[in-house]
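Letter by letter, the chains look like this.
There are 2 protein chains.
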Amino acid sequence: MSSKNRLIYLPLGGAGEIGMNAYVYGYGPEGDERLILVDLGVTFPDMDGTPGVDLIYADIAWLAERADRLEAIFITHAHEDHIGALSLGWPRLKAPVYTRAFTGNHAARKMEERGLDPAQVQIVDRYPQKVQAGPFSVSFLPVSHSVPESSGLVIDTPAGRIVHSGDFKLDRTPVVGEPFDPDLWAEIAAPGVKLLTCDSTNVFSPQPGRSEASVGPAIQQLVKSAPAMVVATTFASNIARLKTLAEAGQAAGRSIVLMGRAMRRMIEAGVESGVLTDFPTVIPPEDAGAIPRENLMLIVTGSQGERRAASAQLARGKYMGLELKEGDMFLFSSKTIPGNERGVLRIVNALSEKGVNVVDDGADLYHVSGHANRPDLLEVHRLIKPQMIIPMHGEHRHLRAHAALAEEAGTPSLIAPNGTMVDVTGDRPRVAEYIETGRTYLDGSVQIGALDGVVRDRIRMALNGLIVITAIIDEEDEPLGEPWVELSGLPETGSSKAALADVIEADLGQFLARADDKTLADDDALEQGLRRIARQTALEEIGRKPEVITVISRLST
Amino acid sequence: MSSKNRLIYLPLGGAGEIGMNAYVYGYGPEGDERLILVDLGVTFPDMDGTPGVDLIYADIAWLAERADRLEAIFITHAHEDHIGALSLGWPRLKAPVYTRAFTGNHAARKMEERGLDPAQVQIVDRYPQKVQAGPFSVSFLPVSHSVPESSGLVIDTPAGRIVHSGDFKLDRTPVVGEPFDPDLWAEIAAPGVKLLTCDSTNVFSPQPGRSEASVGPAIQQLVKSAPAMVVATTFASNIARLKTLAEAGQAAGRSIVLMGRAMRRMIEAGVESGVLTDFPTVIPPEDAGAIPRENLMLIVTGSQGERRAASAQLARGKYMGLELKEGDMFLFSSKTIPGNERGVLRIVNALSEKGVNVVDDGADLYHVSGHANRPDLLEVHRLIKPQMIIPMHGEHRHLRAHAALAEEAGTPSLIAPNGTMVDVTGDRPRVAEYIETGRTYLDGSVQIGALDGVVRDRIRMALNGLIVITAIIDEEDEPLGEPWVELSGLPETGSSKAALADVIEADLGQFLARADDKTLADDDALEQGLRRIARQTALEEIGRKPEVITVISRLST
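For the record, the sequence lines run as chains A and B.
The numbering of the first sequence is our numbering, which starts it at 3 and goes up by one.
The numbering of the second sequence is our numbering, which starts it at 3 and goes up by one.
One chain only, chain A, in its complex shape (with noise of 0.2 Å):
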């Protein structure tokens, strides 16, 4: 091992943001470092940035000019922001793709469902099984979270130990999956831990998580105290709480059923993948109607408003020949993402419409986290006692309390939102270099950058509408009859009272009227002008200046 060797961490994304997770690290000489991906999520677009977009995940430029010194990719879990841009990104990386069976299953779906081959999927079991992966050593350690088979990772590199910790919880009794094994976190901090990289999410919850388990007697309480039709809904795919849910509605003496696509292949691929072994028997939708609706419980997707999920369906109307009523309950068992609440309350009131009874966890009964709160966070930095702590999984607030969290304790930590690079090599996380990054957008069929433009146009015309404008220039450089204009998004008429395109065409065609040849021969200063007098007129008329699109025809060309 050469002297001049370091390791490297690189958030590319997640560091700085919940979501669209991508984090390398590198081992070897400066420059010139062999390379591993954790993780390649996505986050979700909306409205007011990114109208139109399917999905974003990060921008991967910088991995990708260097794909080949790319070992491999290590998923940790199936949750869309670690795995959902996999088969998006990885044609720009080509390297095997190394996870656990339950989100294997997943990712192979993803690489086959865009034309990639699955085999490129390899599963691992858990720890102590191991990749080699360059001068990478790589085991997953089993975690408690909100879908089964998450994990850690426990990556062993020349320079020394590094814990990845993933999304996790300490869950004594995760309902699925294995519970919290501390014997086995003391076991790979024994050899000693350089870097623990560690999910903050939940910084700010003082108090110790709650466990899976914990939710199970007051659903089936609630449950069964239920006059009529039971619905509740969940995130799909924390099949931990399906199953609670199903158990307790079996348990009232209920028949189950599931609705909505991610919901059924999510139970599909814990059978397939082996995690889900004892779930209870479910009836298909279309034979629910013949069931009593005191006898029917439905478990539901679309948990956080989600337009054309199965509870939004419910909510509107009749969904799959059933249909809310009076008296029936609907339990969100699952809390409400910021940003999201405006389309869950959309739910919540049409839902009240009806005159269903909605059940929230406004008391903290019905849903539990799915990470680790302070108090646990401080005891996993107890357990692994590593020589430095970098904080990832969170906005910057969240890095910034965590990494406080660790340096009031005594260990060295650092702020390292996407784009920075830190040498682990020494003592303490040392920022070695910054990188640009940046964000990558699916738009349809498309992959675009967040700074392309397209979008910026997008939100430009929506706020502040179209007008398209026509003009016909003849072989003499002279205006052909009237220039023509087109609104898209802007009110009919304005201030006088005429249509506003009549308005601003009368005004457009005086000053092609008055235009001098110079200008007429000119489609710059042609535009120029039209543009200016339309906008003009508009401001005048309907109180905005709106985007103009101009097309100049020249017969003469």
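Bear in mind the hints are in silico, worked out from the structure with no lab data behind them.
Since the structure is predicted, the reported quantities are computational estimates derived from the model, not experimental observations.
All C-beta atoms, glycine included, are put in the ideal place defined by N, C-alpha and C.
Heads up, a few of these hints could be off.
Chain B regions said to be covered by chain A (calculated; three or more residues, Cβ under 8 Å) [claimed, not checked]: (1) 64 to 70; (2) 336 to 345; (3) 393 to 399; (4) 439 to 447; (5) 454 to 463; (6) 481 to 494; (7) 513 to 519.
Simulated crosslink set (DSS-like; lysine-lysine; CA at most 27 Å straight-line) [stated by the list, open to error]: (8) B/K96 with B/K226; (9) A/K499 with B/K96; (10) A/K499 with A/K547; (11) B/K226 with B/K327; (12) A/K337 with B/K337; (13) B/K387 with B/K337; (14) B/K196 with B/K6; (15) A/K96 with B/K337; (16) A/K356 with A/K327.
Given the coordinates of chain A, work out where chain B should sit on it, guided by the hints.
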């Protein structure tokens, strides 16, 4: 009094939503009632549903058509969701406006700003002073809320007394304004109350509400403990809170700076109307630079993350010569209204990047709500002892829960969302009729209907992008040259790697070349064909079908 007279209640806005309040009461023969309007407020647009819109208020068409029967408009308090549309709707209503002094200061300014006569706003003293408005005798009942001189209305009619709560809480120590006076409420209840129309905002809050005065000590302690500059934000109209914050700064020996236009205006209105007499001395922002930062406290606008407010400006960089630094403290003395989470978190994270300590109201220490909680609502129900209760000011879920609360205690109630005309003449509320209601948008300087399609077109352009096609057809009905394509909000290249505009133009050119005479002579057929080809080509190239604007110029016409 004819036995055929009836007393009606009709919410046009604010019932089934939080925002754009507008409540009508009527008394007289059916279909010929004399009317009063209580409040005319706005709600705020968002990118999801109303991009580019400036303000939203209730569609008052029903009332405008009956403006000759409208006796008066009463404004309960100076919040935008109660007063914001007064000057927008007034020209169609033209009735005298009655308010108390502080509210009137704002109302008159709003009238003036739109070129209307501020003298239409008449200042009224509190109960027992009365305004006679046709068959209605109305007085302003002082209530506590988060803006000075908030009022309920005591509305006497030949059919009995109505108490319209307005937005209120029960606060015995409100810092600014009149404390809750149970004796006064009992006096008002004494003659018997027919109808209580009641605020429902906090019906889901199970604990009794806390007093405005309760936040003072915690804020004082916090400000005192801060080592460097302190910045605090709250709603500009919450003058009591501004005072509490300023006094905390003063007690810690800090100079107070108010930042943000809305905040300075509110203080001005408070002084002008006499409600604010002992606000601590403030210094202008330009003098703050000379003062050591540990002796400064800024009170700023933008508690909801508004991009142009002082808080956002300070989070981004220097604002009015002041800049936040590592170790400064930023206090949100406010709660985040659902839907505003992203904007607020954007600021929190930007502050985190600067090393600023952000204190929010996670622990309920530094903010109290201005609305009555569930136990307080019950207390008012008991004090007023109305014959019936109709919940208002709430989403459907709030109205439903509030109606259930009333019914459980044996008081007849009714869920009456916007457009529900309720006959309250008898012993119980009874739906008389459903009126068509909706929303009116202020869009630039123009008022448009929510269903006019203007905003729908904006949303479509934002979600789908836009293709503009121009084609010229000559005097012989033959295409002249090639069709021309402009793109907006679309990727430049798609699957074929050629410029998307070129690919579409080529396909359109082929279509035109092959089009038969009948199609070429028919604008509709031509447009339809061009649109279909353009969308199909886009789908193949970029995986989406954009909006299309087609302009066909015929040289013959």
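Comparing the hints with the structure gives:
Under a criterion of three residues with beta carbons nearer than 8 Å to beta carbons of chain A, the stated coverage of the region 64 to 70 of chain B fails, only 0 such residues being counted. Check on the region 336 to 345 of chain B: 4 of its residues sit with their Cβ under 8 Å from a Cβ of chain A, so the three-residue criterion for coverage holds. Interface restraint, the region 393 to 399 of chain B with chain A: holds (3 residues with C-beta to C-beta distance below 8 Å; minimum three). Three residues within the 8 Å Cβ limit are the bar, and the region 439 to 447 of chain B against chain A gives 3, so the coverage statement holds.
Evaluation of the coverage hint for the region 454 to 463 of chain B: fulfilled, as 7 residues show C-beta separations to chain A shorter than 8 Å, against a requirement of three. Given as covered by chain A, the region 481 to 494 of chain B passes the check, having 9 residues with a CB less than 8 Å from a CB of that chain where 3 are the minimum. With 0 residues having a Cβ less than 8 Å from any Cβ of chain A, the region 513 to 519 of chain B misses the three-residue criterion, and the hint is violated. For the given pair, B/K96 sits about 52 Å from B/K226 by alpha-carbon distance, which is inconsistent with the 27 Å threshold.
The hinted pair formed by A/K499 and B/K96 meets the criterion: a straight-line CA distance of about 22 Å does not exceed 27 Å. Taking the CA atoms of A/K499 and A/K547, the gap is about 18 Å. The hint holds against a cut of 27 Å. A C-alpha spacing of about 18 Å is found between B/K226 and B/K327, which places the hinted pair at or below 27 Å, so the restraint holds. With a CA separation close to 18 Å, the supplied pair A/K337 and B/K337 stays within the 27 Å bound.
The straight-line distance between the Cα atoms of B/K387 and B/K337 is roughly 32 Å, outside the 27 Å bound, and the hint therefore fails. Taking the CA atoms of B/K196 and B/K6, the gap is near 18 Å; set against the 27 Å cutoff, the hint holds. Proximity of A/K96 to B/K337 is assessed by CA-CA distance (about 47 Å); at most 27 Å being required, the pair is judged violated. About 6 Å separates the Cα atoms of A/K356 and A/K327, which keeps this hinted pair within 27 Å; it holds.
Violated hints, in rising order: 1, 7, 8, 13, 15; the structure is consistent with all others.
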